[in-house]
Amino acid sequence: MKIKLTPEIAYIIGLWRHRKINKGIGIKGNEKLLSAFISSVIDAGLMPPNKILTEKNTAYFYHSAYRKFFQDIESELPERFKYKNEFSKAYLAGLFDSKGGFTDEGYPYISNADENDEMVILRLGFWCRFLGKLLVIYEKKTFIDYIKNRLRVIEL
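Quick note, the numbering used here runs 520 ahead of the 1-based positions in the sequence shown.
Hints should not be assumed to be uniformly reliable.
Unchecked claim - Lysine to any residue pairs mimicking SDA-like chemistry, simulated, CA-CA at most 25 Å apart:
hint	residue 1	residue 2
1	Lys522	Leu566
2	Lys576	Asp592
3	Lys604	Pro568
4	Lys653	Glu635
Keep in mind the hints are simulated off the structure, nothing from the lab.
When you get a sec, could you build the whole thing from the sequences and use the hints?
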């Protein structure tokens with residue numbers, strides 16, 4: 521089975537990246553986030569609805585080929601999402617839906633981000649910096665304009 525990266529899968533990887541659970545391919549979070557994950561998985565054709573499992577604050581499915589694919593993409597993040605296109609847009613939207621928010625000054629941030637997230641954002645031309653555990657993006661209008669059409673959880 522040859523799996524090809526699509527913008528829909530890139531969005532799911534963004535959601536999954538910092539919210540993954542130990543069971544299958546899944547995330548933990550609130551109802552709105554889980555709903556976005558489940559609908560994205562179904563829309564991308566990764567799993568039929570009856571194969572997606574839910575438990576207390578988690579949603580997941582089992583598929584070893586997709587799990588390996590997600591892990592491979594995660595290990596190559598700065599290379600995979602280095603151009604401004606639908607793939608990087610979808611990935612960042614998923615990441616922002618999963619762990620994003622706004623500072624008191626109105627700057628978008630991603631909590632619990634790492635150096636790979638920072639590298640992706642910097643390579644795409646958005647100035648950002650770590651403030652504690654938050655990766656704050658200082659190009660607020662251009663960043664939000666870039667991802668807003670792909671967001672499913674955070675309302676602007």
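Going down the list of hints, with the structure as the test:
1. Lys522 - Leu566: Given pair Lys522, Leu566 holds - Cα atoms ~13 Å apart, limit 25 Å.
2. Lys576 - Asp592: violated (28 Å)
3. Lys604 - Pro568: violated (31 Å)
4. Lys653 - Glu635: holds (11 Å)
Taken one by one, the earlier hints fail for this structure at numbers 2, 3, listed in ascending order.
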